[in-house]
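Using the sequences plus the hints, can you model the full thing?
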Amino acid sequence: MKLSTQMVVVLTSVGLLSGSFLAIVGHLTKERIALNKQRETEKAIIQVVPGIVSSQKLYEERDLSVYGGKDAEGNIVGFAIQASGIGFQDKITLMLGTNTSLKKINRLAILDQKETPGLGAKIADSEFFLLYWENKDSSGTITLHKPAVSSPEELLPTEVNTITGATISSEAVLSIVNTSLEQVRKIIKEGKLSSEAQDVN
Amino acid sequence: MSTKSIGQEFTKGLWDENPVFRQLLGLCPTLAVTNAVINGLAMGMATSFVLIFSSLVVSSIKKFIPSQVRIASYVVIIATFVTVADRFLAAFFPPISKSLGPYVPLIVVNCIILGRQEAFSSKNTVGRSLIDALGMSSGFVLAMLILSAIREILGMGTFLGYQVMGQWFEPWIIMILPPGAFITLGILLALALQIERKTKSRK
Numbered sequence: 000m001k002l003s004t005q006m007v008v009v010l011t012s013v014g015l016l017s018g019s020f021l022a023i024v025g026h027l028t029k030e031r032i033a034l035n036k037q038r039e040t041e042k043a044i045i046q047v048v049p050g051i052v053s054s055q056k057l058y059e060e061r062d063l064s065v066y067g068g069k070d071a072e073g074n075i076v077g078f079a080i081q082a083s084g085i086g087f088q089d090k091i092t093l094m095l096g097t098n099t100s101l102k103k104i105n106r107l108a109i110l111d112q113k114e115t116p117g118l119g120a121k122i123a124d125s126e127f128f129l130l131y132w133e134n135k136d137s138s139g140t141i142t143l144h145k146p147a148v149s150s151p152e153e154l155l156p157t158e159v160n161t162i163t164g165a166t167i168s169s170e171a172v173l174s175i176v177n178t179s180l181e182q183v184r185k186i187i188k189e190g191k192l193s194s195e196a197q198d199v200n
Numbered sequence: 000m001s002t003k004s005i006g007q008e009f010t011k012g013l014w015d016e017n018p019v020f021r022q023l024l025g026l027c028p029t030l031a032v033t034n035a036v037i038n039g040l041a042m043g044m045a046t047s048f049v050l051i052f053s054s055l056v057v058s059s060i061k062k063f064i065p066s067q068v069r070i071a072s073y074v075v076i077i078a079t080f081v082t083v084a085d086r087f088l089a090a091f092f093p094p095i096s097k098s099l100g101p102y103v104p105l106i107v108v109n110c111i112i113l114g115r116q117e118a119f120s121s122k123n124t125v126g127r128s129l130i131d132a133l134g135m136s137s138g139f140v141l142a143m144l145i146l147s148a149i150r151e152i153l154g155m156g157t158f159l160g161y162q163v164m165g166q167w168f169e170p171w172i173i174m175i176l177p178p179g180a181f182i183t184l185g186i187l188l189a190l191a192l193q194i195e196r197k198t199k200s201r202k
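Respectively, the protein sequence lines represent chains H and C. Under numbering that gives the first Met the number 0, the first residue of the first sequence carries the number 0, and numbering increases by one thereafter. Under numbering that gives the first Met the number 0, the first residue of the second sequence carries the number 0, and numbering increases by one thereafter.
Derived from the structure by calculation, the hints contain no laboratory data. Please note: incorrect hints may appear among the correct ones.
To be verified - Anything over 12 angstroms on all C-beta distances counts as not near chain C; from chain H, calculated: (1) Gly-73; (2) Thr-142; (3) Lys-191.
Said to hold, decoys possible - List of simulated lysine to aspartate or glutamate pairs, EDC-like, C-alpha gap at most 20 angstroms: (4) H:Lys-113 <-> C:Asp-85; (5) H:Lys-29 <-> C:Asp-85; (6) C:Lys-97 <-> H:Asp-70; (7) H:Lys-36 <-> C:Glu-16; (8) C:Lys-97 <-> H:Asp-62; (9) C:Lys-97 <-> H:Glu-133; (10) C:Lys-97 <-> H:Asp-124.
Unchecked claim - Derived list of chain C stretches under chain H, where covered just means 3 residues or more per stretch with a C-beta under 8 angstroms from a C-beta of chain H: (11) 62-68; (12) 73-83; (13) 86-92; (14) 168-176.
These figures come from a predicted structure and were not determined experimentally. The C-beta atom is built at its ideal place from N, Cα and C for all residues, glycine as well.
Following this line, the structure appears as structure tokens:
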């Protein structure tokens, strides 16, 4: 065989074999990966909207999804807002639980983040950060309390805590929350949420 | 062709030719993911998987690959196994997959793997390549383990997430940040060199 032909044949077959092998692996793992992701989202929704038994997606756009949390009778008792934005290193994706008027934040959960380990990554830590987000008044803009405090009682209802050494990550989370609340308010005003949610507003 | 005994073929990866401490290869993941023992171990395992299987495939098809396209072929083979490792972690160990982030796909360009294919598997039998890959993998896992243990214990006071330091201990945050990786690796390299020198002069 001529060298040039051999080169083409070898590279093509290596590529084809690898490709088919990967197609099989991808097919075998696809469902499980999607399931993991879905499970994670469901878990986060139930975590941030207390007292619900099921949830339903009401709205979706790039970097913003709104889920309605339903109680046992099927009434929507709160919203779970999944939003993303730029953090210190990479995108942060979070889940925010609010009541139906968007005036109270129940809880916050971080779904995905690649902040600095040991510093910014503490945004996903309940004891250091998320605890300070529970039951906040979100009728206006939420602000950051600097310097950091050591117990949630020291904060105003519209304030959340900073992580010492990770101000940028703390601010990034705050800005994602404030922006997404603003966006959802606009969406509700324009009547774009799924019809089922309309009557609760 | 290598003329070492089978035992030597394996143990050279642990010390004499340890990929991290002696050859200074694969330093990007070594520095980046050793902030916690679980991350270091998972990275070590994923790299080992890719190295072992790439070595097996490359050594068994080395006769068919023209030398002009060998690097391209190796990279395709390595990338295949890296993608398998990445998908596997995402499907069965989602938390680990998350914490390793982009470093799993980056195993493709880990020079330990490409280096072993070029320096060893492309010239030796399948059996020897397997032993060599096992030795190098163990050496890499060992290095990741030492580095991540030092960094996690000093940086967070924990080992594999369990508290090992007492209440008095104030974590050195810098150890789990990039500078901590460089400092630890530098000290370990100096130590390795010192031990090497001592054992050589004794001979």
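Pairwise hint evaluation, Asp-124 (chain H) against Lys-97 (chain C), where the allowed Cα distance is 20 angstroms at most: At roughly 15 angstroms apart (the allowed maximum being 20 angstroms), Asp-124 (chain H) and Lys-97 (chain C) satisfy the hint.
Just checking, Thr-142 (chain H) versus chain C, shortest CB gap more than 12 angstroms? holds, 26 angstroms
Can you confirm whether the C-alpha distance between Lys-36 (chain H) and Glu-16 (chain C) stays at or below 20 angstroms? violated, 41 angstroms
Hint check: Lys-29 (chain H) vs Asp-85 (chain C), CA-CA at most 20 angstroms. Holds or violated? Status holds; Cα separation ~12 angstroms.
Is Lys-97 (chain C) within 20 angstroms of Asp-70 (chain H), Cα to Cα? violated, 32 angstroms
Take the C-alpha atoms of Lys-113 (chain H) and Asp-85 (chain C), compute the straight-line distance between them, and say whether it is at most 20 angstroms. Given that 20 angstroms is the threshold and the Cα spacing comes to 17 angstroms, the pair holds.
At 12 angstroms, judged by beta carbons, does Gly-73 (chain H) keep clear of chain C as stated? Holds, since 31 angstroms exceeds 12 angstroms.
Can you tell me if the stretch 168-176 of chain C counts as covered by chain H, using C-beta to C-beta distances under 8 angstroms and a minimum of three residues? Answer holds; 4 residues pass the 8 angstroms Cβ test.
For Lys-191 (chain H), is the shortest beta carbon distance to chain C beyond 12 angstroms? holds, 32 angstroms
Does Asp-62 (chain H) lie within 20 angstroms of Lys-97 (chain C) when you go C-alpha to C-alpha? It holds: about 19 angstroms lies between the C-alpha atoms, which stays within 20 angstroms.
Can you tell me if the stretch 73-83 of chain C counts as covered by chain H, using C-beta to C-beta distances under 8 angstroms and a minimum of three residues? holds (count 6)
Closer than 8 angstroms Cβ to Cβ for three or more residues is the test here. Does the stretch 86-92 of chain C pass it with chain H? holds (count 5)
Checked against the numbered hints given earlier, the structure breaks hints 6, 7, 9 and satisfies all the rest.
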